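Sequence order for the protein chains is U and E.
Following my numbering, the numbering of the first sequence begins with 139 at its first residue and continues without gaps.
Following my numbering, the numbering of the second sequence begins with 2 at its first residue and continues without gaps.
Since the hints were derived computationally from the structure, they do not count as laboratory data.
This one's a predicted model, so the numbers in the text were calculated from it and none came from an experiment.
Treat the hints loosely; a few may be bogus.
Think about it this way: if two alpha-carbon atoms lie no more than 27 angstroms apart in a straight line, the pair counts; the simulated DSS-like pairs of lysine-lysine are [what the hints assert, rightly or not]:
#1 U:Lys360 to U:Lys209
#2 E:Lys152 to U:Lys451
#3 U:Lys547 to E:Lys152
#4 U:Lys547 to E:Lys133
#5 E:Lys29 to U:Lys451
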Amino acid sequence: MLMLKEVLYQMLRDARSQKLRTFLTGFGIVWGTVAITLLLAFGTGLKKQMIKSTAGLGDRIGIAWPGLTSKPFQGLGKGRRIRITEEDLIAIRSQVPGLRSLSPEFAGDMKLRYGLKTYPVDVTGVTPEFGGMRNLIPQAGSRFINPIDMEKQRRVLFIGNKLAETVFQKEDPVGKTVILNGSPFLVVGVLMPKNQDSSYRGRDHDQAFMPTSTYRALTGAKYVSNFVFQPAKVLEMKAVSNGVLTSLSRRLRFDPADKEALSVWDTTEQFQFFEVFMLAFTGFLGIVGSLTLVVGGIGVSNIMNVVVEERTKEIGIKMALGARQRSILTQFLMETLLITGSGGVLGLLISFGICSAFPKLGLTDYVGDPQVSPVVALITTGILGVIGLLAGYFPARDAARLDPVVAMKL
Amino acid sequence: MATRHEEIRADRPIIEMVDIRKVYDTGKVKVEALKGIDLSVAKGEFIAIVGPSGSGKSTLMNLIGCLDTATGGEFRIGGELVKGLSRDQLADVRNRRIGFVFQAFNLLPQISAAENVAMPMIFGGVPAKARKERVAELMEKVGLGDRMEHKPTELSGGQMQRVAIARALAMNPDIVLADEPTGNLDTSSGGDIMGVFLDLWKQGRTLVVITHDMALARRAGRIVEIRDGRIVRDAAVGPEEGAASVSAAAGAHVQGLASTAEQAA
Ligand SMILES: Nc1ncnc2c1ncn2[C@@H]1O[C@H](COP(=O)(O)OP(=O)(O)OP(=O)(O)O)[C@@H](O)[C@H]1O
Ligand SMILES: [Mg+2]
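Put together the whole structure using the sequences plus the hints.
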């Protein structure tokens, strides 16, 4: 109790006698903390934002389009069109290990009539799994296409939120009947608004989705426009993608190395690049911040050396009164930790302040909101602790090793 | 604390020095500050150490106080051999057995008088409650019961030295060591401080006090005179003939070493 009080008192006194030096050092620690914390925080925010907008397209999926063969294969010439049926896809499903979801897409333009008005609409026939893969989340009170819709070829529609606004304005679309290419359809779901930064057939909020079975019955379509698949584990994307390619090439007889016969867009690729980029970025900023902290630490160590010199007499007196080396060592270590600690706390507070003020700047859509995660705070605290200990240890050890007689004479 | 005093056999002196030597090696020159000191102090004695400047009084004091170690000879404090003790063991001996009073008071300036007195007890691991009681008791004893919360700078020299004495007594040490305790005080406060020492002596304390002031030394039970690193006189001061013997000693002092040595014998 007395010790702690005395340590606090000493710290204030030393800070006062070394105003400029303390200020500069404190500034170093505060700045280093702010640098590390903010950098890590912005990194976290940016990453979250990136995932969020990428997730608009889908949850780490692969998208494949059939095309024309560009290589001859087993006596078959090039320039052959590859046609994939829903049955082909169902057949290869079990052949690809690690494949979690797979959905064909049958796409076409249709005329949607509601009341007296008619609208041109992009319509896609998909399976229930499609919703999960592509993050088509239904608004409250509505749903996506389900397996019974599929089985019974129900004429149901899941529509994009913007399309819903255009057609129904203020009305609730769910439960309404619309006429699609002459057939009545029941609207069962409306898309929850989402951030979508990329697409391959217009934004989801403008589209309408129905079961593949219904679509095929309605249009007589045989071949899929493209299909979407998702591995069970993100890291297995490459393997699953290759598996799909191999199985299909065997079934439809084309060269698996033929990039044009079946072109695959791996949406996790940009994500992987981003991961690497963020790692490098965070690493760089982390190093800059840590170096600042180290410089601050050297400053603290410097101050403590002066402090020990100034207080040599006091140390001698304490030794005469029976202070063991460890008491002296602890006292100076605690003092150093207090200086670095206060600088660190101040730095963390400033960082929190900046992070909570940031959303008001309106930059969220571009860089996300910085977040001081517990991990970030913990890392910063850890680095500060190590620096404080190192900065304090050597001056403190020098103090503890003083000769009491010599020390008291000063 | 009582048990520790029982450890010391009644007939065993608290301080036993045999042929103690101290050489300061400054690299260039070697200074022989003590050249073979034999000194024995029994429990309850009050010794004044006198001698000219540079004679080795403070050096001897530092050795007795375990602040420094001898370069030769054997020194026991309370029967415990000091030679070969580690720094922390020496710190413990200082904490438990010795109470220091310095010429420059050596109080810690940022904390209150009471906190200064408590300091040795913190190092000695005395629990907070017991510490508090003991501080109050000691401050009362040195007549500063109403100055507990004062900072040293808010006290007079004499008061500061009283706080230092209270601090020296905190761990109930075997011996109180004072190096020129009145050196920084005027005659009247110096006399006061001497009065406190005499009270302590009456209560059975063992005291070793260095002083330049013969008038003060004369009031102790025994005077040890050092010259050039050697004890040249070690004589008891009889209560009645105290004044006479000291004035004789003072005379001898002027006449020279030979006669002083004779008197000591
Ligand atoms: N740390 C040291 N290094 C070298 N020589 C020292 C040291 N301390 C004391 N001395 C020398 O040892 C001798 C005795 O010194 P000491 O301080 O014991 O004298 P003293 O009797 O206390 O003198 P004073 O009455 O002036 O305080 C002196 O010659 C002094 O110069
Ligand atoms: Mg001296």
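Hint check results:
1. U:Lys360 to U:Lys209: Holds, at about 25 angstroms.
2. E:Lys152 to U:Lys451: holds (18 angstroms)
3. U:Lys547 to E:Lys152: holds (22 angstroms)
4. U:Lys547 to E:Lys133: violated (30 angstroms)
5. E:Lys29 to U:Lys451: Holds. Lys29 (chain E) to Lys451 (chain U) sits at ~26 angstroms (cutoff 27 angstroms).
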